[in-house]
Structures are given as C-alpha cells and as structure tokens.
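Using our numbering, the letters of the sequence shown map in sequence onto residues 78 to 483.
Hints are computed from structural coordinates only; laboratory data are not their basis.
One thing to keep in mind: the hints can contain errors.
[Said to hold, decoys possible] Between beta-carbon pairs, the in silico distance windows are:
#, residue 1, residue 2, range
1, Asn138, Asp412, 26 to 34 Å
2, Gly120, Glu173, 21 to 29 Å
3, Lys215, Glu376, 47 to 55 Å
4, Asp357, Lys433, 32 to 40 Å
5, Pro308, Lys191, 44 to 52 Å
6, Asn138, Gln404, 27 to 35 Å
7, Pro308, Asp412, 29 to 37 Å
8, Gly120, Gln337, 50 to 58 Å
9, Lys215, Met387, 49 to 57 Å
10, His396, Thr128, 43 to 51 Å
[Stated by the list, open to error] Derived lysine to any residue pairs resembling SDA-like cross-links, with alpha carbons at most 25 Å apart:
#, residue 1, residue 2
11, Lys351, Met332
12, Lys356, Trp320
13, Lys153, Asn138
14, Lys384, Asp311
15, Lys365, Arg312
16, Lys433, Ser142
17, Lys160, Gln457
18, Lys384, Lys431
19, Lys433, Thr405
20, Lys477, Gln454
21, Lys379, Thr310
22, Lys313, Ala293
23, Lys80, Asp311
24, Lys431, Pro136
25, Lys314, Ile297
26, Lys165, Thr196
27, Lys313, Ile297
Glycine included, every Cβ here is placed at the ideal spot set by N, Cα and C.
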Amino acid sequence: MAKGALEGVRIVEMGHFLLVPTATAMLADWGADVIKVENFKMGGDAVRFATPIEGVMPPANLSLSMWFHFFNRNKKSVGIDLKSQKGKEILYKLIENADVFATNFDASAIEKQKLDYETLKKINPKLIYCQANGYGMKGPDKYKPGFDYAAWWARSGMMDRISSEEDPRPQRAGLGDNQVAPCIAGAIAAALYCREKTGVGQKVDVNLYHFAVFGAAFDIGAALNVGVNIPRTDRKKVTNALWNVYKTKDNRWIMFVMPQTDLFWDRFCRAIGKPEWEKDPRFDTHMKRVGQNMFLIPELDKIVASKTAMEWEAIAQKHDIVLGRVQTPLEVASDPQAWENGFFQEVEEASGAKFKIINNPVNFSETPNSIRSLAPQLGQHTEEVLMDIGYSWEELANMKEQKVII
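Sequences and hints are given; from them, build the entire structure.
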C-alpha cells in the first residue's frame, strides 16, 4: 500500500462532537497517526453512542454510532483520567512526542487544564497547536459555547437570509462543522509545511463564526460597504431568470445556473424552444433580461413544467447550458456519479455489521487516501500508544490499578 501524504506525522486530538474530530479524520485519511485522547471517566466523545437523528435507525449490530465511525476512522483511542495529576502528566508526554495538538474544547476548560498554547509550547516548542471554537479567541464571547447551529448558522446571518421572517430554518445536522473541518485540516497541513521550512511551531486559531461570515461574503460585504441587507431570495422575483429554480412535469426541481446570460442566451433560447427570443429587442442585453425578470420567470415556469427533469437534463447537455437537478439524500446515496468518483465505500465493523461510509473528498494521485481502520473503542490503544512513548508494562499496570488509564 502506498504511503499517505502525512505519513509520519503524529497528531494528538482532544476533540468532541464533529468540528476537530472531522478535521483530524481527514488528516488520518492522508496518513497521519492520530491519537484521540478521551476522558474515560466522562464516557469519552459523546458521539460514540449518538442516538438516531429524527427517527433514523442505524444499521443493526453496530457497536458504535455510525456517525462516530464517519468522523473518527483511522484513529487510536487513549483513555485517560484527565482530571488526575498523573493523567495530565501522560497527556503532556504525548504532546511532547507529537507534531500537532488539536482541540475544540471550550477555551475556559483548556485554560483551566493548562492545555493552552503558551503552556504546551514550553513542552514542545515545535508543536503545531490548533484550537477551534465558536466565536474566536478574543472578545466578550471567547468563552461562549458555540455549536455550529448557533455560531455558524444563526450568528453569521445565513439563517436570516435563507429563512423567511415568519419561519426561521434550522440548519441540517453538522453542516457547519463539516464545512469548516476541511479548512482546519488544510490549515494544519500549511503550518506543518511552514515548520518544515523554518523549524518553528505555531498556533492555528479557527472559529465557526468567522468561517460562516467568510462564506457569506456577498451578503456581509454589502452590509459592510453599502450598509444594506441584500433582499432574501424569492424564486418568483429573482433578478436573473436564468439563475433560478423551476418545477418540472414530474414534480421535480431543476436549477438553471447561468449568471452571465450573454454567454448563454442564444443557445438557451433554442434549448427551451423559444428561438424567437434570441433577437427580441426586449431581451438583447443582460440588463434588459434583468428588467424583464417578472415576465421571464412565469414564462419559464410554464416551459419547464412541460418536460420531465430527465428530459431537461438531456436538453441541457445537448445545448451546453448549465442545469442541476435537485436531489434528495436517498438519490445522492445511489448516484452513479458519486459512486464512480469514490464518494462512498462499504466497510465492516469488528462486530460483523456492514455499513457505508463517506470517503475523504480530497484525492491524491501518488499518496492515496485509505481507511485503514474504523473508529476505535474507548481506550482501545492506550497500552500500545503509551508503551510507544516510553511507559513500561509495570507502569501501565499501576496506572490501571489507580484508574488513571483504561
């Protein structure tokens, strides 16, 4: 098997829920040795036995939550009593022998446990220290708990712009965490590359709020520089009728995505069976089409409703116009394009239970990703990892007896 891109990099993760665990899972897919440190007296990461979401039952006989497998594959678990002095010493020794420390525990808890950057860089000056939280490491909300629902979705303005005033829409589970996690993985990789060149470790700060604001740059940029809220999107009133969603004959939705209408107008007219619109003076410039949006949208509603979604996809391909079919998660799960590009694979837990996992979205030609193991049981690798950093069998036995480790 070819080596991963990050072969030889050791990461100590103190993460919970999704944000940092997902980031380190990606790094593990790329070959890094990720050690997940869990406080076994607190039951470890809460996602281990996450209950079904909205009545969705997981595959039978799984010993761990399938979501825990998604975000913790390829890792080793070390179970430590992190509140004990001996447990803290073990953690410090792990960090002393690591390249990266990554956490999304509350800043107050990190400081209380003396796991802040200033403390840890004295133990390991070349350490890459990554801390992720809800709202940033400065300001009045530094210590405020920040799940992605609150910090990424609600606080950033995205919820406001996508919802109606009467019906605010909650985000889908984990959407913010899983969008930010790949950026955390990239930031850690960049810091490692910098250290390779300079020999200097550093701290990497990431917060959900900032990433959401960055992602909503069109809306926030208008607010910053023009002092306005861009109006909420209403498909019946969008300014560009060629950048809109329409319902088909078989009650499916398709999305036309042609922001530069001058590039598409002639062939779009032929595609929808309206060649007479090509030279119509009402539509002969982009701005005129924008001015005719309230005419074009209902006309396109009628035209699109005359054919099925599959028929429109064939037409779009023939005429080289941009169209996307709105799919359900069930359709995505069976999409040949997704399977052909390696989005998913079937795996088998030690219990014998089989299920499908979502693969890392970044692929390397020479250092391919691999799922070498599924998520570990709590403390599964404690002995292996601690012996690797110098503890003896006798020391491990004593610490187990004292309930410092499992």
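> For this structure, which hints from the list above don't hold up?
Replying inline: 4, 18 and 23
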